[in-house]
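So the chains spell out like this:
Number of protein chains: 4
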Amino acid sequence: MQKGEADVLKVGVIGASGYTGEEIVKILAAHTGVKVTVLQAIVENEVPISKIFPHLEGKIDLVCKKPNLKKAGESADLFFLALPHTVSMSIAPGFLKEGKSVIDLSADYRLGVEEYEKWYGVKHKDTPNIKKAVYGLPELFRDKIKKAKLIANPGCYPTGAALAIIPLVKAGLADVNTIIVDAKSGATGAGRKAHISLSFSEVDENMKAYKIDEHQHKPEISMVIEKIAGKSPNVVFVPHLVPLNRGILSTVYMDLEKETNDVKINQIYKDFYKKEPFVRVMDEGGLPALRDVQYTNFCNIGTKVTGKKVIVVSCIDNLLKGAAGQAVQNMNIMCGFAEDEGL
Amino acid sequence: MQKGEADVLKVGVIGASGYTGEEIVKILAAHTGVKVTVLQAIVENEVPISKIFPHLEGKIDLVCKKPNLKKAGESADLFFLALPHTVSMSIAPGFLKEGKSVIDLSADYRLGVEEYEKWYGVKHKDTPNIKKAVYGLPELFRDKIKKAKLIANPGCYPTGAALAIIPLVKAGLADVNTIIVDAKSGATGAGRKAHISLSFSEVDENMKAYKIDEHQHKPEISMVIEKIAGKSPNVVFVPHLVPLNRGILSTVYMDLEKETNDVKINQIYKDFYKKEPFVRVMDEGGLPALRDVQYTNFCNIGTKVTGKKVIVVSCIDNLLKGAAGQAVQNMNIMCGFAEDEGL
Amino acid sequence: MQKGEADVLKVGVIGASGYTGEEIVKILAAHTGVKVTVLQAIVENEVPISKIFPHLEGKIDLVCKKPNLKKAGESADLFFLALPHTVSMSIAPGFLKEGKSVIDLSADYRLGVEEYEKWYGVKHKDTPNIKKAVYGLPELFRDKIKKAKLIANPGCYPTGAALAIIPLVKAGLADVNTIIVDAKSGATGAGRKAHISLSFSEVDENMKAYKIDEHQHKPEISMVIEKIAGKSPNVVFVPHLVPLNRGILSTVYMDLEKETNDVKINQIYKDFYKKEPFVRVMDEGGLPALRDVQYTNFCNIGTKVTGKKVIVVSCIDNLLKGAAGQAVQNMNIMCGFAEDEGL
Amino acid sequence: MQKGEADVLKVGVIGASGYTGEEIVKILAAHTGVKVTVLQAIVENEVPISKIFPHLEGKIDLVCKKPNLKKAGESADLFFLALPHTVSMSIAPGFLKEGKSVIDLSADYRLGVEEYEKWYGVKHKDTPNIKKAVYGLPELFRDKIKKAKLIANPGCYPTGAALAIIPLVKAGLADVNTIIVDAKSGATGAGRKAHISLSFSEVDENMKAYKIDEHQHKPEISMVIEKIAGKSPNVVFVPHLVPLNRGILSTVYMDLEKETNDVKINQIYKDFYKKEPFVRVMDEGGLPALRDVQYTNFCNIGTKVTGKKVIVVSCIDNLLKGAAGQAVQNMNIMCGFAEDEGL
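Residue numbers (the numbering used here), protein chains in the order written: chain B, 34 to 376; chain D, 34 to 376; chain W, 34 to 376; chain G, 34 to 376.
Derived by calculation from the structure, the hints in this document are not laboratory data.
For clarity, every value in this text was computed on a predicted model and none was experimentally measured.
Do not rely on the hints blindly, as some may be mistaken.
Identical copies carry no separate label here, and so any pair may be met within one copy or between two of them.
To be verified - Once the Cα atoms are required to be at most 27 angstroms apart in a straight line, the calculated DSS-like pairs of lysine-lysine come out as:
hint, residue 1, residue 2
1, Lys92, Lys68
2, Lys179, Lys342
3, Lys291, Lys164
4, Lys341, Lys151
5, Lys307, Lys92
6, Lys341, Lys104
7, Lys84, Lys303
Starting from the given sequences, assemble the full structure and let the hints guide the process.
Structure, rendered in structure tokens:
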């Protein structure tokens, strides 16, 4: 999709009241190429979005309406769906049929039908569009994203893990049957919901592993690796909840296919990402800190060789590179904006 | 109530699954004079309490049952009610009629009928017992507590505020129409519930004032002051939520009735509390930190004179001196145990 | 100072390695009207600033040099001094003599000589320039700022307090002898230093009041009030350290000169700030949360009347509206940029 | 060592002013079998320990003196050395020569001479006593601890890792060349020091991996495994700093020597620890949370099999089971107290 001469792109956000929706709106409000014309969410009262998120006051004063897809379709050309899994697939087809572009931040279009139904426990309602969807990881699929009408925006854990894994697999150096992803996420990763296990008093000063090998992001990580390795990998994925708000630090362990050293591995990563606007590889010996990527769309990466293993540490802000930021990055690519516009 | 020769007191906890209940059970499990024989709460499954709170494993393995007051009454002689406001008043009368002792941690027996109904918005269902209830602040009412059958255990904010205010009022030095309580509380003060405003992502790194002059602990603070001043005071109470788990720091401002100095005021506080096992007054010039009282039943206090005003800072652990610890302190006084047993 | 046609303003930051310096550089890097040409700080090695603050990588790659004022003066026209108190006054005169503009973020030019020497405990070395300095609170002194060559950028606590106090004093409704400022600050307020009392293990989950009536921001708050009230006020100032990174919430208590109500007071604040780009007054009944201003240059304010008192709550990000953001706002005003450029 | 009839054991703490010293003193103050007679540390002024740690007021009021080993030796029979690495080895020999018992919490007696000198970068000054030292992990070496005069109290990371690894190695099921320890520690693990990297503003909301494969606890973990496996293992150790105060969560990955399942592995762990007073193995499917062990001497463990790998998660409080608590547990074993006395 190309925006017209002199025109500003009209965009809508469906699901604007969650953490991800909030971030998308915040970015778009400062984006020079678009105009937000639709905000919808399940809200009690239809009030300006700045009443829900006071930091938006003076930046955007559009009213956040209750869901009405017909009206939405009349008012915008591209839609971000910041909706729970299993909801997007009921909504995307309508927009697509009208020729709109859709960037879906749920998991509904990321996996094949079979995997999806196995891991999400529901029947998929829009199988035709799964095949048309492009997995929105620009570092791997930029060319396809340019031409896409439907983007399956990657999950937060898969983004951090994939960016740490891809270069070594591409270089043919990773034994893809030995990949361990030990990921640590802040609390916004779980979304904006009322649940005792997410209450401050439970999360603060606490830490735990959860859903070992049962987390729905595991098949997504495997799917990305398979696309580049050409064969099904064996991934162990252990997510942890840590007491902070934003960010994921992933520590990835991979067996090397042949001996090498720190300098060479670091160079492979530097080369792979050298033109990427949002991936920074630390100098050899350096390790990233979450702080350096929070509130940004960057992924910072450090590498370390120890014996036959490579350890790669990646950091992202789960709400930006892991969700809203990457979604806007995808929009920028789709629509011909500068890739870092607004980011 | 006196515990029998050679006997161990049998106690029950109704509402054992909240933060306060958890703390009471933890303290009682290590108390040498009592045996916990009843644990009840609204739970999905009746499991050992150590399945709900794993840190209790090996310390107490009693099953936490669904509420059944008849059975409870058959098995214990003293009950802690760690229940929401408006629930206790339906439950306490039954236990009292059977001759049991009750320590109620809700607000149901703290205020007069009129004040209660005004601030809690419900009709009081057990007015006869309100008059028999003793307000369980040992530093003021120890003698009455000794003989009580029903204790209205003080609220967390009122405990911190009252201990900061009382000595100056008792000394006739406070203008009770000028009292400001600026209180900062951690998140467990709100109890164990699922609510977005209490979720980690909302509370972490955040801070806010709330319910200015509308918090139901305001009349409780006034009530305590009135009891010692003999007249109705004018209290401004501003509670704040701060991003930590346990504790309340109260900064209290009072106009002096006559000029004085730091040394004299500090001495008044030291004298007032010198025999108290759980109140420590800092040396003149010293200010308390929350850290020094967390996980203890202590209240630490610092004083400072500036012009015509006194500033008093008090720190308590809201779950201990502000709830469960004070409740056990009251039990110890009622039952003739050493006042600091288990604490 | 007016920037020339077609020109970009060349600016320098002296003291670029602290928290405040970091924020200034971050803002300036995205500012469309300036070019950062000088970065200096006491650093061990002269490396690109993005090696010190990795999040700046790709945004600015200027080397942060060791202090050399002569070289600095040759390369820029306006300087931000993000230096400790007592250091700025040795450095500003040189720049001023060369005709440069200076925005000093230390306290060196905020107070009169006598007050300064009393509260900071050192002799002032640049008394002539004190009188020329303009106190950089745009909401009060915008017109003077426009023509200033030397800005005394306000302290963080005074900014939050003053914005909460000014409208009531201006309206003639505040008894300026009754002002209490109970302020709660995050840890970055203390700057970037190694001190046990600022270590994570001491600050986390902790809270304390400190320097009651002895904090050097007390005379600064009084000075601002005196400027608008025309007489010396009596201010009680109690700062607290709370366990979060960024932000100050100030709860201000003032006696009213005459009876009024919530609606009127709220309207007075709304009217006073209605044209201000960086102050938002909540609707009557609303209270600000720190979250809504973090990472922004905004000050959010809520008001509440109770009996004869007004309570005003203000929130700012101490590093932005309380330091770097306000400094850039001042530069924008001095240099004729849009006041919110870069902010 | 057996405490005498009717006697109470006299103990001293050298290095009482750090986090570990603080915890030891706190535990000993409530221990029924000992009397603390010596407190020494590098302090500016010799004041009661409760002036340094206000929460100890009323519990112990011994003065904390400047170091004087001669005086110390005259006043106690058993010493805890809560000292930095490389200091203990200068102090322990003196006490041992006088027949005192020593529990050293530094690393000075944990490793062989060669390993020690390699990892700690200094010459060992007391090699004769290295061989006499018993590694104080009760779950492995209880019988030797009973007879020991010198205990090398384990490091915090090695305690958490070893307790997770040992049962599988003992069962002959672990390929000891495939062990990965991904450990996440709170900030008190670094001790009580002033360092910018440990300041609140740097640690809060942040996270990072550090010293990958270069941490001095790596050889200690290997040493423990070698003692039970009979051969040198290959351990990858990646420590992380997370924003909380107390606790280490270790996620350990090990390849299985033969296929098995969740039930069997969980049973192996349950059997191995069934008599241990301070290790709790979660039921199959369960995972520990840090919260459940904080402020206790417990280690909680969960197990999970996935394909050919076992994942074991362990949680400890780094200051208790990882330091002071385990030290007192060792004293209890050495001196014939109940193993959980004071804990």
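Hints versus structure:
1. Taking the closest pair of Cα atoms, Lys92 and Lys68 come within 27 angstroms of each other both inside a single copy (12 angstroms) and across two copies (26 angstroms).
2. In this assembly of identical chains, Lys179 and Lys342 lie within 27 angstroms of each other by CA distance neither inside one copy nor across copies; the values are 36 angstroms within and 41 angstroms between.
3. In this assembly of identical chains, Lys291 and Lys164 lie within 27 angstroms of each other by CA distance neither inside one copy nor across copies; the values are 36 angstroms within and 40 angstroms between.
4. Taking identical chains as interchangeable, the C-alpha atoms of Lys341 and Lys151 lie at most 27 angstroms apart only when they sit on different chains, with a minimum of 22 angstroms there against 34 angstroms within one chain.
5. Taking identical chains as interchangeable, the C-alpha atoms of Lys307 and Lys92 lie at most 27 angstroms apart only when they sit on different chains, with a minimum of 15 angstroms there against 34 angstroms within one chain.
6. With identical chains, the CA atoms of Lys341 and Lys104 are never at most 27 angstroms apart, being 58 angstroms at best within one copy and 51 angstroms at best between copies.
7. Taking the closest pair of Cα atoms, Lys84 and Lys303 come within 27 angstroms of each other only across two copies (16 angstroms); inside a single copy the shortest separation is 44 angstroms, beyond that limit.
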